[in-house]
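Asks: Here is how the chains run, residue by residue.
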Amino acid sequence: MFLARITGSLISSHKVQTLVGQKLLIVEPLRVDEADGGALKGTGRTFVVVDPVGAGEGEVVLCVQGSSARYTPETKTLPIDAAIIGIVDQVQVKANTVFKKSDE
Amino acid sequence: MFLARITGSLISSHKVQTLVGQKLLIVEPLRVDEADGGALKGTGRTFVVVDPVGAGEGEVVLCVQGSSARYTPETKTLPIDAAIIGIVDQVQVKANTVFKKSDE
Amino acid sequence: MFLARITGSLISSHKVQTLVGQKLLIVEPLRVDEADGGALKGTGRTFVVVDPVGAGEGEVVLCVQGSSARYTPETKTLPIDAAIIGIVDQVQVKANTVFKKSDE
Amino acid sequence: MFLARITGSLISSHKVQTLVGQKLLIVEPLRVDEADGGALKGTGRTFVVVDPVGAGEGEVVLCVQGSSARYTPETKTLPIDAAIIGIVDQVQVKANTVFKKSDE
Amino acid sequence: MFLARITGSLISSHKVQTLVGQKLLIVEPLRVDEADGGALKGTGRTFVVVDPVGAGEGEVVLCVQGSSARYTPETKTLPIDAAIIGIVDQVQVKANTVFKKSDE
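Chains as they are written, first to last, in our numbering: chain Z, 49 to 152; chain S, 49 to 152; chain B, 49 to 152; chain H, 49 to 152; chain V, 49 to 152.
Check before you lean on any hint, since a few could be wrong.
Simulated DEER-style distance windows between Cβ atoms [to be verified]:
1) B:Gly104 / S:Gly102: 33 to 39 Å
2) Z:Ser150 / S:Lys124: 41 to 47 Å
3) H:Lys124 / Z:Asp137: 22 to 28 Å
4) H:Thr125 / Z:Lys89: 53 to 59 Å
5) Z:Lys149 / S:Gly102: 31 to 37 Å
6) B:Asp151 / V:Lys142: 18 to 24 Å
7) V:Ser150 / H:Lys148: 33 to 39 Å
Here are the simulated PhoX-like cross-link-like pairs (lysine-lysine), alpha carbons at most 25 Å apart as the crow flies [as the list claims (entries may be wrong)]:
8) H:Lys142 / V:Lys89
9) B:Lys89 / V:Lys71
10) S:Lys124 / Z:Lys124
11) H:Lys149 / H:Lys89
12) S:Lys71 / B:Lys148
13) S:Lys124 / S:Lys71
14) B:Lys149 / S:Lys71
By construction, these hints were calculated from the structure, which means they are not laboratory data. Ideal Cβ placement from N, Cα and C applies to all residues, glycine included.
Construct the complete structure from the given sequences, taking the supplied hints into account.
Replies: If you want it as structure tokens, here you go:
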């Protein structure tokens, strides 16, 4: 899985029927920057994910890729390859708290 | 999933039997360029996708990769690893509309 | 899926039993070079693919990756992750014919 | 599979129901640096993995990606794409011991 | 699939139960270097693979990635994402023999 920040959303009125009603969000994967004490940095990459957990723009989330994105009750059998599986509250790297949702 | 622009198409007269009749399109994945206010930029990569939604050249589409490309009614059990699952109308990044189909 | 040119082949006399009789080809994935009018360029990457369609060295082919490589009649249940699914006759990019098999 | 060092962990109180109780760890994939006698070097990449084997921070572990992450008794049918499948005791590269857990 | 050279091995005494008895090898993927007449060059990347064919250190092998690594009799249902499926005897690129096992 990977950490990502939700940066946006998209509208697609003409799409595969089973995707109607699914929220489609744009996320930027994050990486731990060891050179900067473990701070979370953007990678510049762009993914579109389905959101079965109700996250909001700007939040840091945990995303799953591949066939496993179909293994939540809300996404079963959907033609999707990426989904949010959790909203991240806190990230620890080598005993440092490098991200805390309540600080944002 | 990833955003992409349809840049072309290909003809293959000699192919796996189950692919006969499938439209094969060439797409270039796009990324959100945060340095440029979230504008959609080409990545220079090239994918071939099956199109079960009827998109046209030049359009921005949402694509799925991997086994999930087989999870639409039109692509079930096909030997494909990428498909268009939606035509994109609008993309929002940090409250800015960075893409609008009607503007193109 | 991706476009690739067949550049070679390999011999493996000691292999998994189910692969006996399968042709193993070496391919180089291609990309559309928009800076060069959409010409197909090599990427320098190397894949080994199974060939259920009978392609020949030097040809441009369409390849599938991942679990879907097992979704042709000839490759069903094989321990393979890449297969040729079509021989490419022609590629169009933005109204230009950037590849034509008969020209080669 | 890939070698990785566990660098941290994360807390997600709002997540997909089936993930409740699963330990989520942050790992950095390692590579063998042939230029340095086969020493294990960090790659700078960041993955989040589920840990069914009980590893601890700082340990070098073996990780599996993709659908196979669901093939342990503890992770069956979970919406995850990466899991630890072993704690690494020793790594040999070209007759040199490049990593030994007891030396750390 | 990809070509790789076996560069080492690893020991993991504490691992998922189904992996007990499986040989875990370290491999470096190879690529065909067209600039050098098709010679096989290391890519600097590192993978860990299961070996159901009995290959030895230093040998060039054919590896499969993803769910298909579970499609050999020896690896069925294992939580692995990469396996050796053949020992390579010879590689031809554009009519040149760029690798021959018996020459090594």
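Asks: Against this structure, judge whether each hint is valid.
Replies: Structure-based check of each hint:
Look at B:Gly104 against S:Gly102: about 34 Å separates their beta carbons, and that is inside 33 to 39 Å. A C-beta distance of roughly 45 Å is found between Z:Ser150 and S:Lys124, which places it inside the suggested range of 41 to 47 Å. For H:Lys124 and Z:Asp137, the Cβ-Cβ distance of about 26 Å falls inside the hinted range of 22 to 28 Å, so the restraint holds. Taken as a hint, the range 53 to 59 Å is violated for the pair H:Thr125 and Z:Lys89, whose Cβ atoms sit roughly 33 Å apart.
At about 42 Å, the CB distance of Z:Lys149 to S:Gly102 disagrees with the hint of 31 to 37 Å. Separated by about 20 Å at the C-beta atoms, B:Asp151 and V:Lys142 satisfy the suggested range of 18 to 24 Å. At about 35 Å, the CB distance of V:Ser150 to H:Lys148 agrees with the hint of 33 to 39 Å. Distance check on the hinted pair: H:Lys142 and V:Lys89 sit about 17 Å apart at the alpha-carbon level, within 25 Å; holds.
About 39 Å separates the Cα atoms of B:Lys89 and V:Lys71, which puts this hinted pair outside 25 Å; it is violated. Between S:Lys124 and Z:Lys124 the alpha-carbon distance is near 15 Å, which keeps this suggested pair within the 25 Å criterion. In summary, the hint linking H:Lys149 to H:Lys89 is supported, as the alpha carbons are separated by about 15 Å, within the 25 Å threshold. Our distance criterion of 25 Å between C-alpha atoms is met by S:Lys71 and B:Lys148, whose separation comes to about 18 Å.
Among the hinted pairs, S:Lys124 with S:Lys71 is consistent with the structure: their alpha-carbon atoms are about 15 Å apart, no more than 25 Å. At roughly 19 Å between alpha-carbon atoms, B:Lys149 and S:Lys71 fall within 25 Å of each other, so this suggested pair holds.
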